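Those sequence lines, one after another, are chains A and D. In terms of this note's numbering, the first sequence is residues 1 to 282. In terms of this note's numbering, the second sequence is residues 1 to 272.
A couple of the hints might just be wrong.
Unchecked claim - Here are some chain A residues pointing at chain D (derived, C-beta under 7 Å):
1. Ala190
2. Ala270
3. Arg274
Unchecked claim - Quick list of simulated restraints, FRET-style, between CB atoms:
4. D:Asn228 - A:Thr175: 30 to 40 Å
5. A:Ser176 - D:Gly180: 20 to 30 Å
6. A:Leu40 - D:Gly60: 51 to 61 Å
7. D:Asp239 - A:Ser176: 42 to 52 Å
8. A:Val272 - D:Arg93: 30 to 40 Å
9. A:Pro35 - D:Arg93: 54 to 64 Å
10. D:Glu35 - A:Ser176: 56 to 66 Å
I should point out that these hints are in silico values taken from the structure, not numbers from a laboratory. On a predicted model such as this, the values are computed, not experimentally measured, just so you know. All C-beta atoms, glycine included, are put in the ideal place defined by N, C-alpha and C.
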Amino acid sequence: MPTTDLPRLEPDTSRTSAERPSTWRRVTTSSGLTPKTVALPAAALLGLLAVWQLLSSQGVFNPIIVPPPSDIFSELVDLLQEGYFWRALRFTLLATVQGFVYGCLLGFVLGALVAEFSTFRTAVYPWIVLFQNMPRVALAPLFLTWFGFGVGSKIILAVTICFVPVLVNTIVGLTSVSEDSRTLLRSLGATRWQVLRRLSLPTAAPSIMAGIKLGSTFSLLAVVIGEFLGSTEGMGVLLTTFNFQLNIGAAFAVALVLAFVGLALYGLVAAVERRFIFWRND
Amino acid sequence: MPASSETTSEVASETRGAAIEVEGLRKTYDLKGGEQFTAVEDATFSVAPGEFVALIGPSGCGKSTILKIAAGLIDSTAGTVLIGAEPPKAGRRDLGIMLQRAVMLPWRTVTENVELPAALAGEDAQRRRARALEVLDLVGLSRVADAYPSELSGGMQQRAALARTLSYRPRTLLMDEPFGALDELTRERLNIEVAEIQSTLGATTILVTHSVQEAVFMADRILVMASNPGRILGEVVVDLPRPRRSELAETPAFLTASKRARQLIGIEHAHD
C-alpha cells in the first residue's frame, strides 16, 4: 500500500553527508586540524625564520633596521615582564572591545531600522553609502581634537570604523528574506514582530555575524591608528616610541602581540558564530 | 461540445451550504502607463464541505491569484469570497495553505518547523510538540523528526510542509502547486498520499495545478481556467472511487475525465 511506504532515507543521507560540513553541525568538521594542516604552516614559518636568522648572521641585514628573529623573541620576553607593556595592552584592549561592542550595537540597531522602516531607509541610505565609501580614518584627527588623547577618542574612532560592516551586513541579511517564507509566515497570521524575530533575524544571522567578524578586525585597527596619531597610552604609542628609539626588535614584538590580539578577538567571534549558527540559508 | 455548455453560473448554482463560496471575483492590477491587467475576471464557484476541487489552467490564468485571495494574502478588486461563511483573512486557524516551495526554516528541526504555526499562536510547548509528532507520523516522517530540513529530499520537505499545514487541523486546505517542483515519481506518490489524507480528514480542499493528470487523480471536481483575462471555462466532475490508487490512471473513467479536461483547455488554445 502506497501510504505505508515510508520515505526512503538512504538516497537522502548520501546526499546530505556531502553537504553536512557546510550546512549543519559544522562544529564537528570545521576546525580542519589535521597533522598536515598544522605541520605544514609551522614548517613554513620555521623555514622563513631560519633563513632570516641565517641572513642576519651573515650580515646581509643591518641588525638595527632588521633585527634577527632571536632578537625580536628576546625583546618580546623582556617586554612581557614590563608593567608599562601590560598597561598599554590593557588600554588598547579596553578601547578595542568597547569600540567593537558599541560599534556592533550601533550597526545592528541602525541596520534593523533601515531594513524595517522604509521612510527611515530613504532618509539615511545615501548617507550610509557615503559613509561606507569614505576612508573613515580621515576622521581620526578630528576625534582627537574633540575627545582628547585618552581612551574616549579611540573608542569613538573604533565605533566609527567598525559599525559600518555590521550595518551593511544587517541590512543585506534582513532584506534577503525570501518572499515565500514571508508569505508563509503571513498566512500563519504572524505579527510584524514575529516575522522579525522568527524569520528575518535568523535568516540575517549568518550575514550579521560576517559583519561582526569584519568589525572585530576593524576596531583593533582603528584603535591602533588612533594611538599612532596621539594618545596617552596604548600599544600604538609603545610601537611608535620603540620605532623612534630605533628599538626595532621591540617594535616588532609589539606588532607581533597585536597580531595575536587581533587573531584572538576574531577567534572569539568565530567561536560564537560556530556555536549559534549551524545552518546555511539556501 | 458538451463540456463547454457547463457555464460558470451553473457551477455556482449547484451547491448549497458550501464551505467555500466565490462570487463575481475579480482582480485587476494597475500597470505602468495607466493600463490595467485583469488577472481574474468574474470567477464564480463554490466548494462543498469536504470536497476536493482542482483549479487547472495555463500560467497566468489567475488560478494562484484566486487561491491567494482565498488565503487572505491579497485583496480582491471586486466580488466576494466566503470560507466557512467568513471573509478571507491571513492567519485564520481553520485554513491551511501549502505553497509550491516547502519553505522550511533551516535553523529549526523538522518537528520545530511543524510546530511553527502553534508557536506563532503562543501555544503550550508540550502540547504543540505532541501534536507535531502526531502529524509527522501521519505523513510518514517520524523517522526524521529531529533532522534539519537540509537533510531532507525535496519530497520529504514537502511532506513536512504538509505536516505543518495539517498541524492545526484546518478545515480548509488551499494548495498552490505544492508538488510542482518535485520529480515525477515523488509527485505521484505524494498525490496518492495527500488525496488519502484529505479524504480521511474530510478537509475542504482547493488544489491549484497545471497537471491534468494530478487534477484528475486527486480531485472530485476540476475547474478549468483560461488566461487573458483569467476566467473559469467550465468544470469536469471526476467520478472515481476513493481511496484513489495509481492503477486508476488506466481506467476508462480516468481517461474520460482527463480527456474532457484537456478538451476544455484545448478549445481555448484553438481560439488563441
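Each hint tested on the structure:
1. Interface hint status for alanine 190 (chain A): upheld, as the beta-carbon distance to the closest one in chain D is roughly 5 Å, under 7 Å.
2. The closest approach between the C-beta of alanine 270 (chain A) and any C-beta of chain D is roughly 18 Å, which is over the 7 Å cut-off, so the hint fails.
3. Hint status for arginine 274 (chain A): violated, given a least beta-carbon distance of 14 Å to chain D, over 7 Å.
4. For asparagine 228 (chain D) and threonine 175 (chain A), the Cβ-Cβ distance of about 33 Å falls inside the hinted range of 30 to 40 Å, so the restraint holds.
5. The supplied range of 20 to 30 Å is met by serine 176 (chain A) and glycine 180 (chain D), whose beta-carbon atoms lie about 24 Å from each other.
6. Remark: the range hint 51 to 61 Å for leucine 40 (chain A) to glycine 60 (chain D) is upheld by a beta-carbon distance near 59 Å.
7. Distance hint for aspartate 239 (chain D) and serine 176 (chain A): a CB-CB separation of about 48 Å, consistent with the stated range 42 to 52 Å.
8. Range check, valine 272 (chain A) to arginine 93 (chain D): about 38 Å between beta-carbon atoms, so the 30 to 40 Å window is met.
9. Evaluation of the 54 to 64 Å hint for proline 35 (chain A) and arginine 93 (chain D) yields a pass: the beta carbon distance comes to about 58 Å.
10. Against the hinted window of 56 to 66 Å, the Cβ-Cβ separation of glutamate 35 (chain D) and serine 176 (chain A) comes to about 32 Å, which falls outside the hint.
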